[in-house]
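So the protein sequences, as listed, match chains A and B.
Note that the working numbering numbers the first sequence so that position 88 is 88, with each residue one more than the last.
Note that the working numbering numbers the second sequence so that position 42 is 42, with each residue one more than the last.
Simulated from the structure, these hints should not be mistaken for laboratory data.
Using N, Cα and C, we set each Cβ at its ideal position, and we do this for glycine too.
One or more of the hints may lead you astray.
[What the hints assert, rightly or not] The calculated label-pair distances, taken between Cβ atoms and stated as ranges, are: (1) A/ALA15 <-> B/HIS82: 31 to 37 Å; (2) A/LEU71 <-> B/GLN97: 34 to 40 Å; (3) A/ALA15 <-> B/VAL68: 42 to 48 Å; (4) B/LEU4 <-> A/TRP26: 39 to 45 Å; (5) A/TRP8 <-> B/SER99: 45 to 51 Å; (6) A/VAL91 <-> B/ILE22: 32 to 38 Å.
One-letter residues, chain by chain:
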Amino acid sequence: MIETWVEWTLIFSLAVHIVLTGVCVWRVWRGQNVIDRLIGADLVGTLALAVLVLIALIERTSIYFDVALGLAALGFMASIVLAKYLADQRVL
Amino acid sequence: METLFGVIVILAVLIGTAFSVIGVIGFIRLPDVYTRLHATGKVSVFGVVLLLLAGLFWTPVSPGKDIVLIGLLLLAAPVASHAIASAAYRLGIPAQQLSRNDLAEVAEQENDPTPQG
């Protein structure tokens, strides 16, 4: 009984997060300046992380958490390096 | 016990989804870069972490990965937001309705061409 409710809640939340990812991709395409687009790319990475966690919860497997860990670590480094490159015009 | 865990998971997922929706609406609607950055911080710190807390109750295997991912997000997301805000300030992107600028004196001291000592 409760499993059905949880499953429908998770599917609803998955649909909402996919729509939000589409909105952020549109915002990256039509941004006002370069920092705006960088924030949008960071947000797309975070929402993709949320989608992976929701798929792991729906399937009840933990293999998607490994993918989410790699995505979180690499997305964090990508945001830091892109911000530093935009501010200093060099990476190191 | 299963029913209690199910109710906790439903509440956590709904609150996390609400935080994500509010963060993205703020990202679309707020006027300048710094306030948009303030809104998008909520998506990673509250939205995804609440989903991961739901996963702590609902996935049967390996809560260790879940806890590691929560810690990584709580460490990484504010650092990335601060880096992006610092890059925006150094690129000279203007803020609207700035009541006080604490970084102006610091920037003046750093750009001071007179030799010290």
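Hint check:
| no. | hint | verdict |
| --- | --- | --- |
| 1 | A/ALA15 <-> B/HIS82: 31 to 37 Å | holds (32 Å) |
| 2 | A/LEU71 <-> B/GLN97: 34 to 40 Å | holds (36 Å) |
| 3 | A/ALA15 <-> B/VAL68: 42 to 48 Å | violated (28 Å) |
| 4 | B/LEU4 <-> A/TRP26: 39 to 45 Å | holds (40 Å) |
| 5 | A/TRP8 <-> B/SER99: 45 to 51 Å | holds (46 Å) |
| 6 | A/VAL91 <-> B/ILE22: 32 to 38 Å | holds (34 Å) |
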